[in-house]
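Asks: Heads up: the protein sequence lines correspond to chains G and F, in order.
In terms of our numbering, the first sequence is numbered consecutively and its last residue is 305.
In terms of our numbering, the second sequence is numbered consecutively and its last residue is 305.
Heads up, a few of these hints could be off.
Computed footprint of chain G on chain F, listed as stretches where at least three residues anywhere in the stretch have a Cβ under 8 Å from a Cβ of chain G [claimed, not checked]:
1. 81-92
2. 103-117
3. 181-195
4. 219-227
5. 256-267
6. 280-291
Computed list of chain F residues with no C-beta within reach of chain G, every gap over 12 Å [to be verified]:
7. 57
8. 124
9. 132
10. 133
11. 148
12. 150
13. 158
14. 214
15. 215
16. 247
17. 272
Within a straight-line C-alpha distance of at most 16 Å, the following computed EDC-like cross-link-like pairs (lysine to aspartate or glutamate) qualify [said to hold, decoys possible]:
18. G:180 x F:87
19. G:196 x G:162
20. G:107 x G:92
21. F:272 x F:15
22. G:294 x F:300
23. F:107 x F:87
24. F:188 x G:136
25. F:294 x G:302
26. F:107 x F:66
27. G:294 x F:87
28. F:294 x G:87
29. G:180 x F:224
30. G:188 x F:301
31. G:20 x G:92
32. F:196 x F:165
33. F:180 x G:87
34. G:196 x G:130
35. F:180 x G:224
36. G:107 x G:130
37. F:137 x F:110
38. F:294 x G:301
39. G:294 x F:302
40. F:56 x F:276
Hints in this document: simulated from the structure, not taken from any laboratory.
These numbers come from a predicted model, not from an experiment.
No residue lacks a Cβ here, since even glycine has one placed at the ideal position from N, Cα and C.
Number of protein chains: 2
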Amino acid sequence: MSVLVVGSVALDSVETPFGKADDVLGGSATFFSAAASLLTPVQLVGVVGSDYPIEKLKPLEDRGVDLAGLEHADGPSFRWRGRYRHDLNSAETLETQLGVFSRFSPKIPDQFRNAPFVFLGNIDPRLQLDVLQQVEKPRLVACDTMNFWIQSRRADLLALLEHVDLVTLNDGEARQLTEKVNLVQAAKWIMDMGPKTVIIKKGEHGAFMFTGGSIFFAPAFPLENVFDPTGAGDSFAGGFIGYLARTGDLGEANMRRAVMYGSAMGSFAVEKFSTERLMTLTRAELDARVSELKRLVAFEEEMPA
Amino acid sequence: MSVLVVGSVALDSVETPFGKADDVLGGSATFFSAAASLLTPVQLVGVVGSDYPIEKLKPLEDRGVDLAGLEHADGPSFRWRGRYRHDLNSAETLETQLGVFSRFSPKIPDQFRNAPFVFLGNIDPRLQLDVLQQVEKPRLVACDTMNFWIQSRRADLLALLEHVDLVTLNDGEARQLTEKVNLVQAAKWIMDMGPKTVIIKKGEHGAFMFTGGSIFFAPAFPLENVFDPTGAGDSFAGGFIGYLARTGDLGEANMRRAVMYGSAMGSFAVEKFSTERLMTLTRAELDARVSELKRLVAFEEEMPA
């Protein structure tokens, strides 16, 4: 089944201790699509400016990302410039130019309106709500958000939560949104607002899925070399939602498997700049990493005496 | 089989957002013993001052901790006073009085010298090395350390590493010791110094065990209420080494199981002040939490098409 993703399509310039990349593919919808398209057809809705090197999106199209919803607007594209220091833990934003993204108003093409899976990438919650007016009873609506919207659009974000099945956010965002330090308490708070499932991503420390009364934990793959952390969270979401859409199974056992695909996908995303590694990734490599993650936590309980 | 532990025996005064406890049992050897003694006999070597309320150690003796190596010295006991703020992540030390601990020189009683398992708690690495002169070919020697010794006794600590089989330390200490940000690289660096196994504890983010060419990850139990984090790391070590000593099996499958017992033990330690929860803990409760940890990470891989 196909996934509709709405989010940013950007040009990133990134510096890490290992190198530098200028004007490479970036943005939440881009990373999500690069990841999810390995597993299932993707329909992308976003906006680029007149300066966007559109031919760079060709490999995404070749992998099954339908760009019919990518608006071409007059003006400069969304650009982000950031730097990671030695510890790679947090990006230092050097420059953000919203460009045409500042006037983005998602228009869902008719042929995308019945997408069974919808991922509302990190944009203004008012726009996320607006997208939901344009789609027809999806099987699963998931959303992401970030600190900026939690602070500036809190009421809209809470209104959105009533209408989504699943939220993905990182631990800092979960704490900011709920004002709970404890992540179990934070997840319960969010579930009380509407979503049946909450995914809390902790970067190199793995991810929790809270659903119904159960908690699942997916470890992060212990990479010896992390090259560029940009886009890891959106790649996680792409792997997770992409796997759910591919299998069409929303039972808990399959949701757990999907989280592992998200974790594996995130671990590949950080091995190179931009979407480079995701675009060469094969399904066999992805499956193999999920198997490695399984071995990472494998142990047998003691036999009863 | 029995475990010999050498470390601090202190009186802690702790403030958390949930309450306050004065002059309660503390110290690395105390937490380690409280944890390990649920699983196996423990022999403790440490020192207390003339003001130590020795009757408070009676429950430990009742649970199989042999205090024949606990020296009673003239002078004040080791006292630590600390506070945890809202996030409970790091202790703020308000006061440390080393007292008789500043002149501690471990003397291993004859009847402890052939202990098959030895845990060198966090003390001066010169003293840790000295203990190794006093024991007879243990099956497993493990040690812990801390930032203070890494900085002030680096050469002694590196000399010690040549003589231990296993090191437990937290992620910050591993990075400080090795000057590697990446924990996989840090673990390899430490293993190159001698130890066959490295355990890196990440608190609420779980723990890694590096041994031979394999990596094992044990999640931390997602507690909804953490009451007092003091002693979690030593309780982890007590659960881990205690389980190894009880089973006497140093194969990798059993080492993995032992790490899970360490993680479970650490999660109980933080539920109440001091060693309170550990002292009421039963083997059935501990086993049940290990089972819960197994379910926390349980998923089935996709069937081949």
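Asks: Taking the hints in turn, state whether each one holds.
Replies: Status of the hints after comparison with the structure:
1. Only residues whose C-beta sits within less than 8 Å of a C-beta in chain G count toward coverage, and the segment 81-92 of chain F has 3 of them, enough to reach three; the restraint holds.
2. Given as covered by chain G, the segment 103-117 of chain F fails the check, having 0 residues with a CB less than 8 Å from a CB of that chain where 3 are the minimum.
3. Judged by the Cβ-Cβ criterion of 8 Å, the segment 181-195 of chain F is covered by chain G as claimed, because 5 of its residues qualify and three suffice.
4. Coverage of the segment 219-227 of chain F by chain G holds. Counting CB-CB distances below 8 Å, 6 residues qualify, and the rule asks for three or more.
5. Counting residues of the segment 256-267 of chain F whose C-beta lies closer than 8 Å to any C-beta of chain G gives 4; at least three are required, and the coverage claim holds.
6. Coverage of the segment 280-291 of chain F by chain G holds in this model, with 3 residues showing a Cβ closer than 8 Å to a Cβ of that chain against a need of three.
7. Consistency note on residue 57 of chain F: stated as away from chain G, and its beta-carbon is indeed over 12 Å from all of that chain's, at 30 Å minimum.
8. Every beta carbon of chain G lies more than 12 Å from that of residue 124 of chain F, the smallest distance being close to 30 Å; the non-interface claim holds.
9. With a minimum CB-CB distance of about 30 Å to chain G, residue 132 of chain F clears the 12 Å threshold, and the non-interface call stands.
10. No Cβ of chain G approaches the Cβ of residue 133 of chain F within 12 Å, the least distance being about 35 Å, so the stated non-interface status holds.
11. No Cβ of chain G comes within 12 Å of the Cβ of residue 148 of chain F; the nearest lies about 22 Å off, and the non-interface call holds.
12. With a cut of 12 Å on Cβ distances, residue 150 of chain F stays outside the contact zone with chain G, its closest approach being about 18 Å.
13. Interface exclusion of residue 158 of chain F from chain G stands, the closest Cβ pair being 23 Å apart, more than 12 Å.
14. Listed as a non-interface residue, residue 214 of chain F fails to keep its Cβ farther than 12 Å from every Cβ of chain G; the least gap is roughly 8 Å.
15. In this structure residue 215 of chain F is not separated from chain G by more than 12 Å, as the shortest Cβ-Cβ distance comes to only about 6 Å.
16. Here residue 247 of chain F does not stay apart from chain G, with its beta-carbon only about 8 Å from theirs, under the 12 Å limit.
17. Consistency note on residue 272 of chain F: stated as away from chain G, and its beta-carbon is indeed over 12 Å from all of that chain's, at 16 Å minimum.
18. A distance of roughly 9 Å separates the Cα atoms of residue 180 of chain G and residue 87 of chain F; the hinted pair therefore holds under the 16 Å criterion.
19. Pair hint residue 196 of chain G plus residue 162 of chain G holds up; C-alpha atoms about 10 Å apart against a cutoff of 16 Å.
20. As the CA atoms of residue 107 of chain G and residue 92 of chain G are separated by approximately 32 Å, the hinted pair breaks the 16 Å bound.
21. Between residue 272 of chain F and residue 15 of chain F the CA atoms are separated by roughly 12 Å; this keeps the pair inside 16 Å, and the hint holds.
22. Our distance criterion of 16 Å between C-alpha atoms is met by residue 294 of chain G and residue 300 of chain F, whose separation comes to about 9 Å.
23. Pair hint residue 107 of chain F plus residue 87 of chain F does not hold up; C-alpha atoms about 40 Å apart against a cutoff of 16 Å.
24. Restraint check for residue 188 of chain F and residue 136 of chain G: not satisfied, since their Cα atoms lie roughly 53 Å apart, outside the 16 Å limit.
25. Among the hinted pairs, residue 294 of chain F with residue 302 of chain G is consistent with the structure: their alpha-carbon atoms are about 12 Å apart, no more than 16 Å.
26. This hinted pair checks out: residue 107 of chain F and residue 66 of chain F have alpha carbons roughly 14 Å apart, not beyond 16 Å.
27. Restraint check for residue 294 of chain G and residue 87 of chain F: the C-alpha separation of about 31 Å exceeds 16 Å, so the hint is violated.
28. Taken as a hint, the residue 294 of chain F and residue 87 of chain G pair is broken in the structure, with Cα atoms around 31 Å apart against an allowance of 16 Å.
29. Taking the CA atoms of residue 180 of chain G and residue 224 of chain F, the gap is about 11 Å. The hint holds against a cut of 16 Å.
30. Distance check on the hinted pair: residue 188 of chain G and residue 301 of chain F sit about 28 Å apart at the alpha-carbon level, beyond 16 Å; violated.
31. With a C-alpha separation of about 14 Å, the suggested pair residue 20 of chain G and residue 92 of chain G falls inside the 16 Å cut-off, and the hint holds.
32. Note on residue 196 of chain F and residue 165 of chain F: the hinted pairing holds, with a Cα-Cα distance of about 5 Å set against a maximum of 16 Å.
33. For a cut-off of 16 Å, the pair hint linking residue 180 of chain F to residue 87 of chain G stands: about 9 Å separates their Cα positions.
34. A distance of roughly 21 Å separates the Cα atoms of residue 196 of chain G and residue 130 of chain G; the hinted pair therefore is violated under the 16 Å criterion.
35. Distance hint between residue 180 of chain F and residue 224 of chain G is fulfilled; the C-alpha atoms sit about 11 Å from each other, no more than 16 Å.
36. Among the hinted pairs, residue 107 of chain G with residue 130 of chain G is consistent with the structure: their alpha-carbon atoms are about 9 Å apart, no more than 16 Å.
37. In summary, the hint linking residue 137 of chain F to residue 110 of chain F is supported, as the alpha carbons are separated by about 14 Å, within the 16 Å threshold.
38. This hinted pair checks out: residue 294 of chain F and residue 301 of chain G have alpha carbons roughly 8 Å apart, not beyond 16 Å.
39. Using a Cα cut-off of 16 Å, the hinted pair residue 294 of chain G and residue 302 of chain F holds, with the two alpha carbons roughly 12 Å apart.
40. Taken as a hint, the residue 56 of chain F and residue 276 of chain F pair is honoured in the structure, with Cα atoms around 11 Å apart against an allowance of 16 Å.
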